[in-house]
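Student: Spelled out from the first residue to the last, the chains are:
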Amino acid sequence: MFNPDKIKKDFPIFSHQPDLVYLDSAAMSLKPKKVIEAVSSYYETYSANIYRGIYQLSEKATEVYEKTREKVAKFINAPAVEEVIFVRNTTEALNLIAYSWGRVNLEKKDEIITTIMEHHSNFVPWQVLAQEIGAEFKVIDIDEEGELDIYEKKLKTITQNWQTEYQNLEFDKIITKKTKILTLTYTSNVLGTINPIKEIIAQAKKINPDVLTIIDAAQALPHFKVDVQDLGCDFLAFSGQKMLGPTGAGVLWGKKEILKKMPPFLYGGEMINAVYLDKTLFADLPNKFEAGTPDISAVIGLGAAIDYLNAVGFEVIQNHEKELTAYTLEKLKTISGLTVYGPTNLEIKSGVISFNLSSVHAHDLAQVLDEEKICIRSGHHCAMPLHTRLALEASARVSFYFYNTFDDVDRLIAGLKKAAKIFR
Amino acid sequence: MSIYQEIILDHYRHPRNTGRLKKPTVSGKAFNSLCGDKISVDLLISKGKIKKIKYQAAGCVISQAAASILSEYLIGKTKEQLQKLDKDFMIKLLGIKLGANRIKCALLPLEVIQKTYGQSKSKRS
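From first to last, the protein sequence lines stand for chains A and V. Position 158 of the first sequence, counted from 1, bears residue number 158 in our numbering, the numbering being contiguous throughout. Position 49 of the second sequence, counted from 1, bears residue number 1049 in our numbering, the numbering being contiguous throughout.
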């Protein structure tokens, strides 16, 4: 039987902060003891640089670092280990594609397509790239429930040629022969919407087999099984720090045949085969994209995080988060003047709930909750285009992970009622 | 101690000096993209002093209360007096403790009024 109270014992922060109600895991997950130990064990017992040393300590560090690459590959069902590239985070992974692939392959009048529900990290790099090249930047809209629904043909693009114009288009009009890049999030970090990625990719490839498909899986990987081969995407990016790992280690996964053709993003140590006065030969995958000393300890910690997640199991995690989300959505209905954004259908909703309480600013809500030791997020959550679309300046957001309990939700609800009283 | 003291909430619920001036000497506005706090301000300046302030603000309790309390304080103040005001002054004026993130909300009204008054001089000269 899954017991989140027992799980909490694995997370040292709860012994330091016994009353903590942590509801901001979409921004940063807490860390289990096993992960913290893996990091300190590296620093205490074998903290050498990787690849370079002939001595045993360096061998050990290299081995554990590379072992993590294997764990990641297995975790996302990557066909080849060298397709896993360690970066700092999702933002860096997406920028790597934009800088390396984008600036070589994109031409004037080509199209980049993204969605209105993206985190800025999967919006701004493409917007800037399109502006630089003179490409078209198309943004897929959401429907009233906060979904991208390709079956109902409700999709709209809202930005073309830098003039905001709304167009009702069927999906086969959005993806065209000129589309070079389709990049979208698996799960919205604001609405919690889980997009039908597999179907969208299949549809897009049917219309244009050459379109490069990129998935921001930062909000997906921590919560449910992701299989890159099943999805059929070309790239997938995620951050270790949202899935129990330390800050500083994220992953870009990409298809080997595409990665091989891409120029390096950063030049320097560890990414070369040979350097001559007149030229440099670059290393093979994955080292070609890992210039400089990486965050070795964070990668090692990510390995421990994957072990921990595998031991708990995604079925258990998903069930518990769904129950928490359902319970919270019900309880939120008891607070008058509270508006929840995004889908309420739990089939397509992750444990992310954004809302506003009457005209109270989200910062004020968060501040009152903080006085009760409840951590929630407030603001636009790095998704300003989405907030503008919803005609909001800001929203309050709670996001769950499997260490959250029903008691956490009860405390949240009590805190919100207190806030409602203060700002009546 | 909560930052939502009765005095703060009172100014939030019943803000003083909101609205627009018919013939302002100078106007200005500011936007905090982090929170979405917005404020626009009209100043009537006479004999080197602020004679009237009217403002319109949207945003969090702290920014709105700060604008209201500040607008009352500034009537009759000279440019020199206004430009001397800083973060520490705002904390004292509001009488609450504000963290590194929330202090920006309290400073927005002060900054926009200082900037706006500053523009009035450059216009005349």
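There's no promise every hint is true.
From the derived model, a few chain V residues whose C-beta atoms are all more than 10 Å from chain A [claimed, not checked]: (1) Ser1002; (2) Ile1007; (3) Arg1020; (4) Ser1033; (5) Gly1036; (6) Ile1045; (7) Asp1086; (8) Ala1100; (9) Arg1102.
DSBU-like cross-link-like pairs, simulated, lysine-lysine; straight-line CA separation at most 30 Å [claimed, not checked]: (10) A:Lys417 <-> V:Lys1029; (11) A:Lys74 <-> A:Lys178; (12) A:Lys74 <-> A:Lys180; (13) A:Lys418 <-> V:Lys1104; (14) V:Lys1052 <-> A:Lys421.
Computed far set for chain A versus chain V, every beta-carbon distance over 10 Å [what the hints assert, rightly or not]: (15) Pro18; (16) Glu70; (17) Glu257; (18) Gly313; (19) Lys322; (20) Ile335; (21) Glu371; (22) Phe423.
Honestly, the hints are just simulated from the structure, not real lab data. A virtual CB, placed ideally from N, CA and C, is assigned to each residue, including glycine.
Student: Evaluate each hint against the coordinates.
Tutor: For each hint, the structure was consulted:
With a least beta-carbon separation of about 6 Å from chain A, Ser1002 (chain V) fails to lie farther than 10 Å from that chain, contradicting its non-interface assignment. Taking the minimum C-beta to C-beta distance to chain A, about 14 Å, the non-interface status of Ile1007 (chain V) holds against the 10 Å cut. With a cut of 10 Å on Cβ distances, Arg1020 (chain V) stays outside the contact zone with chain A, its closest approach being about 21 Å. Listed as outside the interface, Ser1033 (chain V) is inconsistent with that label: its C-beta sits roughly 8 Å from the nearest C-beta of chain A, within the 10 Å cut-off.
Look at Gly1036 (chain V): its CB is around 3 Å from the nearest CB on chain A, not clear of 10 Å, so calling it non-interface is violated. At the 10 Å boundary, the C-beta of Ile1045 (chain V) stays outside the reach of chain A, the nearest C-beta of that chain being 31 Å off. Every Cβ of chain A is farther than 10 Å from the Cβ of Asp1086 (chain V); the closest lies at roughly 22 Å, confirming the non-interface assignment. Non-interface call for Ala1100 (chain V) relative to chain A: holds, since the shortest CB-CB distance, roughly 13 Å, exceeds 10 Å.
With a closest Cβ-Cβ approach of about 7 Å to chain A, Arg1102 (chain V) is found to fall inside the 10 Å limit, against its non-interface label. Taking the CA atoms of Lys417 (chain A) and Lys1029 (chain V), the gap is near 34 Å; set against the 30 Å cutoff, the hint is violated. Restraint check for Lys74 (chain A) and Lys178 (chain A): not satisfied, since their Cα atoms lie roughly 34 Å apart, outside the 30 Å limit. Our distance criterion of 30 Å between C-alpha atoms is met by Lys74 (chain A) and Lys180 (chain A), whose separation comes to about 29 Å.
A threshold of 30 Å between alpha carbons decides the hint, and for Lys418 (chain A) with Lys1104 (chain V) the separation of about 25 Å falls inside it, so the pair holds. Proximity of Lys1052 (chain V) to Lys421 (chain A) is assessed by CA-CA distance (about 34 Å); at most 30 Å being required, the pair is judged violated. With a least beta-carbon separation of about 22 Å from chain V, Pro18 (chain A) lies farther than 10 Å from that chain, consistent with its non-interface assignment. No Cβ of chain V comes within 10 Å of the Cβ of Glu70 (chain A); the nearest lies about 41 Å off, and the non-interface call holds.
Interface exclusion of Glu257 (chain A) from chain V stands, the closest Cβ pair being 41 Å apart, more than 10 Å. Every C-beta of chain V lies more than 10 Å from that of Gly313 (chain A), the closest at about 37 Å, which supports listing it as non-interface. For Lys322 (chain A), the non-interface assignment is confirmed: its Cβ lies about 32 Å from the closest Cβ of chain V, beyond the 10 Å cut-off. Even its closest Cβ contact with chain V, about 18 Å, leaves Ile335 (chain A) beyond 10 Å, as expected for a residue assigned away from the interface.
With a minimum CB-CB distance of about 6 Å to chain V, Glu371 (chain A) fails to clear the 10 Å threshold, and the non-interface call is violated. The Cβ of Phe423 (chain A) does not lie farther than 10 Å from every Cβ of chain V; its closest approach is about 7 Å, which violates its non-interface assignment.
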